[in-house]
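The listed protein sequences correspond, in order, to chains A and B.
Mapping the first sequence onto numbering that gives the first Met the number 0, position 164 (from 1) lands on 163, and the numbers just tick up by one.
Mapping the second sequence onto numbering that gives the first Met the number 0, position 199 (from 1) lands on 198, and the numbers just tick up by one.
These aren't lab readings, by the way, just hints derived from the structure by calculation.
Treat the hints loosely; a few may be bogus.
Since the list gives no way to pick one copy over another, a pair counts as held whenever it fits inside one copy or between any two copies.
[Stated by the list, open to error] Lysine to aspartate or glutamate pairs mimicking EDC-like chemistry, simulated, CA-CA at most 20 Å apart:
hint	residue 1	residue 2
1	Lys72	Asp56
2	Lys111	Glu188
3	Lys212	Asp175
4	Lys77	Asp125
5	Lys77	Asp112
2 protein chains.
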Amino acid sequence: MKINIIGRGNVASQFVKKFNKIPKLKILHWYSRSFEKTLDSNGIKRTNNLKDLKNADINFLMVSDDVVKKISKKITNKTFTVHLSGIHNLEELNNKGGKGVFYPIQTFSKKKDVEFKNLPICIESDTKSNFLKLKNLIKLLEAKPVLMNSNNRKYLHLSATIVNNFTNHLYTNAKDICIKNNIPFVLFENLINETTSNALSLSPRKSQTGPAKRNDRETINKHLELLENNSFKKVYKTLTESIIKYYEN
Amino acid sequence: MKINIIGRGNVASQFVKKFNKIPKLKILHWYSRSFEKTLDSNGIKRTNNLKDLKNADINFLMVSDDVVKKISKKITNKTFTVHLSGIHNLEELNNKGGKGVFYPIQTFSKKKDVEFKNLPICIESDTKSNFLKLKNLIKLLEAKPVLMNSNNRKYLHLSATIVNNFTNHLYTNAKDICIKNNIPFVLFENLINETTSNALSLSPRKSQTGPAKRNDRETINKHLELLENNSFKKVYKTLTESIIKYYEN
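For reference, chain A alone in the conformation it holds in the complex:
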């Protein structure tokens, strides 16, 4: 299977690394506007011109959600093109060939290799043969294809944002508090693992504990005093109010 890669962010870096290890896959061209036209260390042709992209089986549009429409418009080959965005419809692609979606339910960093095995990837496409191309590719990745239409995928993307981006921001602020008070963040390893394991295996609603659940104003006020000069105070208040409201009936 011949593919082109468009983009060089965290997602593209991780996929290129993985694709390079699969003998049945060949990356024809890798595009980024900031590339020089040279071969990379694996012999992949890099380019800064979208017109260089030859016809292939799939173009992978691995760019930020906010530039999917704009960049897809500039794709001149007639190749089946997929974006990796959770929030965009299939139809928001402006390329000339077939259109599809290939949305991995995962967060990607440059530093840490992602495990593709059993990773759920939501797919959608305009034709059956294009759909089979995606299923075939997911088989090569040993990942897990999940058939999902654009409407459901939006809700999935919203939930993924809550589950990953928002919780990660909470971890960031908790770690900042720990650093300021010489508390090793790693002390929370068991707690974090128990919280996520309960959320996945039991019900997070039934696993809720803590001062907000009990509407324990004394503890809540003590916490707010500790946060006095901290812009995170509004987040604390909003989440606490939301928990109290959720369980008050």
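On the provided structure of chain A, position chain B as indicated by the hints.
What follows is chain B alone, placed relative to chain A:
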């Protein structure tokens, strides 16, 4: 080592279960105001009268944070008494004997057994001999003693509330969205594990991704539309603003 247990919530249930498996520990009395005065299936004497508690090595006050002061005042024996609250000072105990703190950094549910091995437990006490009693007990539990004064423990408790209670409320709302749209919440297993593993092994600040981090207003507005009739909208807005502000400089 002889101990008394005061309380019958999630925490007490889990500890009693664990203590019963340790031959060197003997539970003399287990108090709850809702108990009948009978033996439980393990032969432990249950009581609804705090005056029944005989002298022991340690009284474990395993009650909600909001009743620690009140119930400790009613303890009449002269035994070294520890509370399991993250937010209360040692001095907030009103019992007659020695005072200590024994705060496990964990969330407890009745349904799922907690792993005590290597669990960090923050300890503090009024005398060296009482301190050694706690260390000894933690050794029997195969848990990990963490020496921490009351002031630092407050910040740890605040962080634990953020890391566990607040993230769990996010999981609850994400799961509600999924249930409403027929999306299996288990699809997020890889994502949740990657998020927590990055937070613990790398830095959550550096691992932040998503529409708020990029200040991608188009995606943020699409999400807010999906949440139109949902009281969770305020939580979404507050967290999004907080992320944007955190990274704007």
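Here's how the hints hold up against the structure:
Proximity of Lys72 and Asp56 under a CA criterion of 20 Å is satisfied intra-copy only: 18 Å inside one chain copy versus 75 Å between copies. In this assembly of identical chains, Lys111 and Glu188 lie within 20 Å of each other by CA distance both inside one copy and across copies; the values are 19 Å within and 18 Å between. For the homomeric pair Lys212 and Asp175, the shortest alpha-carbon distance between copies (17 Å) is at most 20 Å, but the shortest distance inside one copy (24 Å) is not. Within a single copy, Lys77 and Asp125 get their C-alpha atoms as close as 14 Å, which meets the 20 Å cut-off; across copies the closest is 77 Å, which misses it.
Within a single copy, Lys77 and Asp112 get their C-alpha atoms no closer than 32 Å, and across copies no closer than 57 Å, so neither meets the 20 Å cut-off.
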